[in-house]
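**Student:** Chains as they are written, first to last, in my numbering: chain E, 1 to 333; chain F, 1 to 284.
Rather than coming from a laboratory, the hints here were simulated on the basis of the structure. Yeah, the Cβ is synthetic: ideal placement off N, Cα and C, and Gly gets one too. One or more hints might be untrue.
[Said to hold, decoys possible] Restraint-style ranges between C-beta atoms, simulated for each label pair: (1) Pro-326/E with Ser-3/F: 25 to 35 angstroms; (2) Asn-176/E with Thr-213/F: 57 to 67 angstroms; (3) Phe-39/E with Thr-159/F: 22 to 32 angstroms; (4) Lys-16/F with Leu-318/E: 53 to 63 angstroms; (5) Glu-130/F with Gln-278/E: 51 to 61 angstroms; (6) Gly-217/E with Lys-133/F: 25 to 35 angstroms; (7) Ile-276/F with Lys-14/E: 41 to 51 angstroms.
[As the list claims (entries may be wrong)] Derived DSS-like pairs (lysine-lysine); straight-line CA-CA distance at most 30 angstroms: (8) Lys-73/F with Lys-7/E; (9) Lys-102/F with Lys-14/E; (10) Lys-327/E with Lys-218/F; (11) Lys-13/F with Lys-3/E; (12) Lys-173/E with Lys-238/F; (13) Lys-173/E with Lys-220/F; (14) Lys-327/E with Lys-177/F; (15) Lys-327/E with Lys-238/F.
Okay, here's what each chain looks like letter by letter:
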Amino acid sequence: MIKKILKVLQKDFKTSRRDFMAAYIIMAPILIAIAIAVFTPGLNDTTVNLAMLESDDAAHIEYMEQFAKVEVFESVEDMEARVEKRDDIAALVPAGDSYEIVVQGNEPEAVPGYTKVLEALYQLGATKEETTAELMSFGHTVPPLKTMFVNMMISMTVMLAGMLIAISIVEEKTENTINAVNVTPLTQTGFVIGKSLFGGLTALAGIVIGLFITGYGDINWIMIILVGLSSMILSLVVGFIQGLTSDDLMEAASNVKMLFLPIAGSIAGYELLADKWQWTMYWSPFYWSYKANLLILSKTADWPTVLLCTGMVIALSLVVYFLARPKIREGLS
Amino acid sequence: MISVKNLSHLYNKEGKPAVNNISFEVEKGETFGFLGPSGAGKSTTQGVLTGLLKLQKGEVNVAGYDVSHVQNKRFNKIGVSFEQSNVYGKLTAKENLEFYAKLFDVETRDAQELIDLVGLSGKENVRAGEFSKGMKHRLTFARSMINNPELWFLDEPTTGLDPAIAATIKDIINAQKAKGTTAFLTTHNMYIADELCDRVAFIIDGEIKLIDTPKNLKLKYGQKLVDVEYLEGGKTKKETFKTIDEADRNKLAEVIKKHDIQTMHTKEATLEEIFIQVTGRGLV
């Protein structure tokens, strides 16, 4: 049976290499990873925004400009008005012989922390040339923005696995080759496994290559592969259903794109909802996989959390699978 | 090799059965023709026999396997040539056959040998998507032989092929028959059935009306007449003689003896004529 499953896998790889759309889908995660690597800032480029008074010591402003993006204002009121705007910025307000750091209150801890360290270094008279130290992070081992983009790339690649399956099934349908396979000793289960391996392995390869390109080669690979494989279950199920219910490639591709909605919704929910509202996203397997991947990519994941997230992804995906199984079996007959 | 008892099949629970209580048997080594017009129930019957359609009612045993219990290994003994060609367009002819060969557990035939056999030599490395309809049909036909089947299902094997290629396909079927392969041939082409089949079944509206050998059918339903055109006094004369009438037989002998015969045809009925006579319906 394994030999036959591998033959289906090999055949699907061969036919997809000869199909423009499938080849593009296979290449998409790699192209996205290159874009992320090129356009998102590296960790050492990470900085904070600082608001300072125009009347402040020019040397002080010049010193800070080496390490932070500095905006100067005429008055303390102007600085405070600036701090109250939506983005993250800290104001250095003179208070006698020292300075006070004024923030809005909703910034990451790194913002006031980084500002405090910079001010201390200035007070101590430390210069770039005198130190061998390098500022790495405050609470983060990798850049948060880049991590978010890479995590989104992983989610999208998982969805592409479903799209590959859908395209492959539609081709089998239009060429009527499913009937030809059905009169061979290959079982329907073997056929489904072969096709799933094709979508799953392609997406997994895209994720691995993408992570290396974006500089995440030193993460816990067992964790990331575990989460990746579990989150593919739902994508593959959707791929099979859409493939079997669509009449042509374009219809299948556009139907699978609907998966973007729960994926994007899950990401937005995780990133934007307050802690007390996070439970509203618990229904989505993509929420759990995004959460687990974020922890793994930022190297703060522990096994209990990863296993909990993986378990939730598998459980929710299996519910969808069992609901869809009769339709898949009927479509393949 | 095939045993069907009281087979019925419904596509729609409230509709008319596509196949209604049919029974027949096919012996090992026999070429059995299943003949009828479109919508008669031929493909439904073949679908159930090959396992592509689920058995709903009746008992069906194919190549020693009860089809009510799904066992894919039975396909090691079975070959199916579909009416509509179904090959992977992005794979070459050879890749198509090699892929299917790997799905069987038995010794398979060489892909190139089969390609040559169906007249596709030189096209083995061309993608099937670039093939004409007839070429795809030949590749589908070749694939059905990949596992040296003991039982061979042939659905309209010569439909859409030019006469020369159709003749090649008929020769291949006869060669397989000589090797002892059992064939279940579904067609609405009575000439093909007449040439290839040991026995034929006429199916119409989901019911089998008759099963017999083509020879017996012709004897039973033929008119037993001879049409003769001969020259008499410089003019061509045409007469029909009854071969069962002694006076006519003597007269025919006299004509042959005394006159220059231009044409002479026995008026035995074709299978198509017999089909119409038996079922009251045409084949299209």
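**Student:** Quick check on a hinted range of 22 to 32 angstroms for Phe-39/E and Thr-159/F, using CB atoms only.
**Tutor:** violated, 58 angstroms
**Student:** Taking 30 angstroms as the top limit, are the C-alpha atoms of Lys-327/E and Lys-177/F close enough?
**Tutor:** violated, 41 angstroms
**Student:** When you check the alpha-carbon spacing of Lys-173/E and Lys-238/F, does it fall within 30 angstroms?
**Tutor:** violated, 58 angstroms
**Student:** Hey, Lys-73/F versus Lys-7/E, does the alpha-carbon distance stay inside 30 angstroms?
**Tutor:** Cα-Cα ~17 angstroms, so holds.
**Student:** Starting from the hint 53 to 63 angstroms, judge whether the C-beta atoms of Lys-16/F and Leu-318/E obey it.
**Tutor:** violated, 41 angstroms
**Student:** Could you grab the alpha-carbon distance between Lys-327/E and Lys-218/F and see if it respects the 30 angstroms cut-off?
**Tutor:** violated, 49 angstroms
**Student:** Using the Cβ atoms, figure out if Glu-130/F sits within 51 to 61 angstroms of Gln-278/E.
**Tutor:** holds, 55 angstroms
**Student:** Take a quick look at whether Lys-102/F and Lys-14/E sit within 30 angstroms of each other, Cα to Cα.
**Tutor:** holds, 15 angstroms
**Student:** Per the hint of 41 to 51 angstroms, is the separation of the Cβ atoms of Ile-276/F and Lys-14/E within bounds?
**Tutor:** Because 50 angstroms falls inside the window, the suggested range holds.
**Student:** Just tell me: holds or violated, for the beta carbon distance of Pro-326/E and Ser-3/F against 25 to 35 angstroms?
**Tutor:** holds, 31 angstroms
**Student:** For a C-alpha distance cap of 30 angstroms, please report whether Lys-173/E and Lys-220/F respect it.
**Tutor:** violated, 46 angstroms
**Student:** How does the Cβ-Cβ distance of Asn-176/E and Thr-213/F compare with 57 to 67 angstroms: does it lie in that range?
**Tutor:** Violated - the Cβ-Cβ distance for Asn-176/E and Thr-213/F, about 34 angstroms, lies outside 57 to 67 angstroms.
Violated hints, in rising order: 2, 3, 4, 6, 10, 11, 12, 13, 14, 15; the structure is consistent with all others.
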